[in-house]
Amino acid sequence: MSTQDIGAIVEAEEGASLWNDAWLRLKKNRAAVTGGVVLVVMVVLVLLTPWIAPYSYEAQNLDLGATPPSAAHWLGTDIFGRDLLTQILYGGRISLAVGFIATAVALVIGVTWGAVAGYVGGRVDSMMMRFVDILYALPFMIFIILLMVVFGRNILLLFLAIGAVEWLTMARIMRTQVQSLRQQEFVEAAVSLGLAPAAIIFRHIIPNAIGPIIVYTTLTIPSVMLLEAFLSFLGLGIQPPQTSWGLLISYGAETMEEYPWLLIFPGAALTITLFSLNFLGDGLRDALDVRGSKD
Amino acid sequence: MVRFILWRLLQAIPVIFVVITATFFLVRSAPGGPFDSEKAVLPEVKRALEAQYKLDLPLHEQYVAYLGDLSSGDLGPSFKYPGRSVNEILSSGLPVTAELGLYALTFALFVGVLAGVFAALKPNTRQDFIPMGMAMIGICMPSFLLGPLLVLVFGIYLDWLPIAGWGDLPGDKILPSITLGSAYAAYIARLSRAGMLEILSQDYIRTARAKGLPEWQVVTQHALRGGLIPVIAFLGPAFAGLLAGSFVVETIFQIPGLGRFYVQAAFNRDYTMILGTTVFLSTLIVFFNLISDVIAAWLNPRLRAQFKGGA
Amino acid sequence: MMRLFQSLVPASVLVVLLTACGSGESNVESGNREGYLHYGNGAEPQGLDPQVVTGVPENHIVRALFEGLAVKNPKTLEPEPGVAERWEISEDGTVYTFYINPKAKWSNGEAMTASDYVWSWNRALHPDTGSLYAYMLYPIINSEAYSKREITDFNEVGVKALDDQTLQVTLNAPTPYFLQLMDHYSSFAVHPETLLKHGKMTDRFTPWTRVGSIVSNGPFTLEEWSLNRRIIIKKSEHYWDRDNVALNGVYFYPTENVVSEERMFRAEQLHYTAVVPLDKIPDYRTRENSPYVQSPYLGTYYYLVNTDRPPVDNVLVRQALSYALDRDKLTRTVLQDTAIAAYSITPPDTLGYNPPKLFSYDPSKARDLLAEAGYPNGEGWPGLEIIYNTQEAHRKIAVAVQQMWKKELNIDITIANQEWKVYLNSVSQREFQVARRGWIGDYVDPNNFLDLFITDGGNNNTGYANDIYDEIILERAPKAKTREARYSLFTEAETMMMNDMPIIPIYTYTSKHLIHPSVEGIYPNLMDSLNLKYVTLHPGRRLDTESK
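Chains as they are written, first to last, in the numbering used here: chain B, 1 to 295; chain F, 1001 to 1311; chain X, 2001 to 2548.
Since the hints were derived computationally from the structure, they do not count as laboratory data. One or more of the hints may lead you astray.
Listed next, the in silico SDA-like pairs over lysine to any residue satisfying Cα-Cα at most 25 Å (straight line) [to be verified]:
hint	chain 1	residue 1	chain 2	residue 2
1	X	K2357	X	N2499
2	X	K2406	B	Q184
3	F	K1039	X	K2197
4	X	K2406	B	G65
5	F	K1039	X	E2150
6	X	K2406	B	G81
7	X	K2406	B	Y55
8	F	K1046	X	I2454
9	X	K2197	F	G1076
10	F	K1054	X	I2454
11	X	K2234	X	K2396
12	X	K2200	F	K1173
13	X	K2396	B	Q184
14	F	K1046	X	E2431
15	X	K2200	F	L1042
16	F	K1039	X	K2234
17	X	K2406	B	A199
18	F	K1039	X	N2142
19	X	K2200	F	F1107
20	F	K1173	X	V2258
21	X	K2197	F	S1085
22	F	K1039	X	Y2301
23	X	K2148	F	K1211
24	X	K2479	X	K2105
25	X	K2105	X	T2166
26	F	K1211	B	L62
27	F	K1039	X	S2226
28	F	K1046	X	K2105
29	F	K1039	X	I2440
30	F	K1173	X	T2206
31	F	K1054	X	K2197
32	F	K1046	X	K2396
Example chain B residues on the side facing chain X (calculated, C-beta under 10 Å, incomplete) [stated by the list, open to error]:
hint	residue
33	D63
34	L64
35	A66
36	T67
37	W74
38	G76
39	I79
40	G81
Even glycine gets a Cβ: it sits at the ideal position worked out from N, Cα and C.
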């Protein structure tokens, strides 16, 4: 057999046991499992929203106005008399979608970009990172305004726009990680085995850098959700009567003394989701950490 | 190392040039101009205004004229604030935002690194969950929520701190700095915890411990360096995001900083102001990225060896 | 490490507390003691040049630094002597002769002269200056022609300095509100030598308005101008009426964030707020000695309808939409009773003029009209979009209106907020079906509102074009001999217009402020016009803080 065949076999074995091990470890982490369960419940709830929501999200009752939780409205109503629970459910659809999709976009582009730059180094690295610098320095507000105006108020574009901004940071962090990993022995071993750079990057380096990647992803999702709130608040994002958790929180913040429930419940929804994401992310990172053995 | 820095500085020039050019043409393609206002502008008036600000020249001529002014350091007059030059607005707002950013980041680094390292030392225990839980809350809480909350509690109900202004009343710099810094503190806490956990599980740390070194020495002399690499890499973008992030804080606390001007300039289509801040900001970002790369490289002993040897 | 951390935390907390405690005297207390008013002014002013700026925040400061030929009494809005100590109006109402007070001085001690006015109005009307308010002086003979470069010799314009103290102005037609225009800042005089020191007469961005350079003629002078932080003005030594000015000075703060401004007021960092957040108002109303002051304001909030675009090109559809709107409910609930339902463009009681009320809330009539228009019960409705510029209040109204129309008429309505400049562009290019709009009067006269809708008027934006309407507004009304005749012409025009419904009026504005109990002399009036001369401060009064 050639060295390449051996390499292939070794790789295949490695692959199977790595993920299996990880899954077992993950299951033992109670916090992570709880987080995962909560997250799944959230996602299911928002997916089923059109069927389970108690009211239509548009139905106003102006005479009712804002009222605290009651039997008819479990979480209270907003100033238009709209049911808050319904608003939170529909808002969750948008927020979770923005969070996941935009982050996924940022992740894919950023990780690949940063990893390639960090691994290849030299002139390619310089050019790639200078491109990142340029995009960083461009005035973000103008860019978003242009996008929104030229291409219309498509939510999908909002996701892309946000993802297009977030990937830059991911790329930088990835590149730094890869640079430090590149020096390690297992990479040298892979190189000497004759593996192609693409294979090395995707099968060896990225999995080993997965710790900070996962952590940064769990940081990016809330950042993305809040960025969406900021944009919508400025009038560049979600259009009423559609809503999102970020929007609900920003409106709730203004009236937190008069109608605290308008802030507390959307805030709780966001916090619970992000906490769950966080625990799950931590659990994933711990589970996938090949070298780590916690004392 | 020196050659590395010089080479990066050289690269910075085309970067900034590209940014300026892209921004110049970008802002002019957004609909709506600087002189559109609610009461209709008579065509003669509009023409007079455009003539005074050279907006009636063809686009490429305006571009060349702008570059010419730029090379002598003149960023032009602001369209929105007649009588004020962009240089002037920048120099009035910049020190304020810089100071706010400095306090915020110092707070963030201090609290964040301490919390993150602390948590990493005893993972999955209370020492870990409590600081990380608070960090999570810090991330979930946008500044337009945390700010008013702090204002209500400390400014109005307890009446301990002033709630607006910067340098007008004693103690008025505390709440804004904490508000702006909290989000960063939370990120830094999590990043440093993750980084420290990676490092602490490495073999050379085990060796150090086995050698009998006290824990704090293990942490500060051996682990911190590698563990803080992701934090360092984060600082570059953190500075960049500071300007837009400070906008919200500056609005809530009535702070005369650059963040407010910058975001409003986009809405006002104040071309010169947008370009001026972008020029300035891009220069700053390029330098900060450079510095943070240098520090990350320096902290990584292997990369450092590479630089000393070759490039 | 652990111990270090443990000791750092309480230490830092202690430091914070020590520096923070004893936040000292509030602005209100120190202001009352020193005679300085702390005024929330809403936004950083664009500038202080009377012929360049537009906008309410600028208005307040410019009118404290400068004074016009005539001023308005803050309670009655009747004209009173300003720089001019008296004036004469000719029999036919077209020639005004102003006699300048010999004691009227610039802030550098020089006496004001009539030629200062001639020079300043030349600047205001000159096409190169690009003054957005040049049209305010158009009642003057040949002024419009001069602005449009049809004539180039300013001597042909109807304003002359007969001598140092006498200014004579000749108008195209009798203009009953002309004296009110003299209180508008675009007609204020500026000091020619000062401007010429910094540039040409028509230059817009010279630093002549800076502290140290600026020369003004009003009750106050400019003391400090920290960009985006505060503007401080001080009582003027050379003002002709300085004995009647009680304040020593004013601090203007650029309070953009409405909610922050209210908190500053509560913490007694401000005497006065520019606006009040809607949701806080019910609470303020319940208090005794409430600092909340609400009063009618000369402005109308309405929706523009593009009469060239289907489905609203059909007058029946426009009427249906108007009939289906429950304005009373809107103003009561969403607007917390801070507005008055409007059924026409001119606000009620505009100097004695009352607009016609041609319709009311009648959903069944609305449905009939819609059916007649070809959309029975909403069938076949192609959809309608309301655009508005990003602002909380506009959003609230648009959301509520959208639901009302959907519910009553069973039609599909979308709303879209647009960023400010994009919105302005859409409105001026008429790229909309329905757009939100507001119009605040510059002077108290129905003409200010009705002349919006002349054919191709710059602020018409609806496509409404009616020759008879134009004739009444532009020719017959100005020539009316008596106020009654004039007003009945206006009623005729307004009735004609509102039957066509090119706009859907929604409400009449009110001005809303929070005023600290130690302040007296800020009288609510229709123009929300502030005259700082009348303001006095009374130390020792505190805000009734009911804990909430």
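Now for the hints, and whether the structure bears them out:
1. X/K2357 <-> X/N2499: The hint holds at about 10 Å.
2. X/K2406 <-> B/Q184: Not satisfied, since the Cα-Cα distance of roughly 66 Å exceeds 25 Å.
3. F/K1039 <-> X/K2197: violated (31 Å)
4. X/K2406 <-> B/G65: holds (19 Å)
5. F/K1039 <-> X/E2150: Given that 25 Å is the threshold and the Cα spacing comes to 23 Å, the pair holds.
6. X/K2406 <-> B/G81: holds (16 Å)
7. X/K2406 <-> B/Y55: Since the Cα atoms of X/K2406 and B/Y55 sit roughly 16 Å apart, the hinted pair holds (cutoff 25 Å).
8. F/K1046 <-> X/I2454: holds (21 Å)
9. X/K2197 <-> F/G1076: holds (21 Å)
10. F/K1054 <-> X/I2454: The given pair, whose Cα atoms are some 33 Å apart, is violated under the 25 Å limit.
11. X/K2234 <-> X/K2396: Violated: X/K2234 and X/K2396 sit about 40 Å apart, past 25 Å.
12. X/K2200 <-> F/K1173: Between X/K2200 and F/K1173 the Cα gap is close to 43 Å, so the pair fails against 25 Å, i.e. violated.
13. X/K2396 <-> B/Q184: violated (59 Å)
14. F/K1046 <-> X/E2431: holds (20 Å)
15. X/K2200 <-> F/L1042: Within the cut-off at roughly 22 Å; holds.
16. F/K1039 <-> X/K2234: Not satisfied, since the Cα-Cα distance of roughly 32 Å exceeds 25 Å.
17. X/K2406 <-> B/A199: Outside the cut-off at roughly 58 Å; violated.
18. F/K1039 <-> X/N2142: The given pair, whose Cα atoms are some 23 Å apart, holds under the 25 Å limit.
19. X/K2200 <-> F/F1107: violated (51 Å)
20. F/K1173 <-> X/V2258: holds (21 Å)
21. X/K2197 <-> F/S1085: holds (18 Å)
22. F/K1039 <-> X/Y2301: Given pair F/K1039, X/Y2301 holds - Cα atoms ~14 Å apart, limit 25 Å.
23. X/K2148 <-> F/K1211: Given that 25 Å is the threshold and the Cα spacing comes to 90 Å, the pair is violated.
24. X/K2479 <-> X/K2105: violated (37 Å)
25. X/K2105 <-> X/T2166: holds (15 Å)
26. F/K1211 <-> B/L62: Since the Cα atoms of F/K1211 and B/L62 sit roughly 73 Å apart, the hinted pair is violated (cutoff 25 Å).
27. F/K1039 <-> X/S2226: Roughly 28 Å separates the two Cα atoms, so the pair is violated.
28. F/K1046 <-> X/K2105: Violated, at about 34 Å.
29. F/K1039 <-> X/I2440: Distance of about 10 Å is within 25 Å: holds.
30. F/K1173 <-> X/T2206: violated (34 Å)
31. F/K1054 <-> X/K2197: This hinted pair holds, its Cα atoms lying about 23 Å apart.
32. F/K1046 <-> X/K2396: violated (33 Å)
33. D63: holds (6 Å)
34. L64: Hint on B/L64: holds, closest Cβ of chain X at ~9 Å, below 10 Å.
35. A66: With Cβ-Cβ at 8 Å, under 10 Å, it holds.
36. T67: Violated: closest Cβ of chain X sits about 13 Å from B/T67, beyond 10 Å.
37. W74: violated (22 Å)
38. G76: Cβ of B/G76 sits 15 Å from chain X, so the hint is violated.
39. I79: holds (7 Å)
40. G81: Status holds, d = 8 Å.
Checked against the numbered hints given earlier, the structure breaks hints 2, 3, 10, 11, 12, 13, 16, 17, 19, 23, 24, 26, 27, 28, 30, 32, 36, 37 and 38 and satisfies all the rest.
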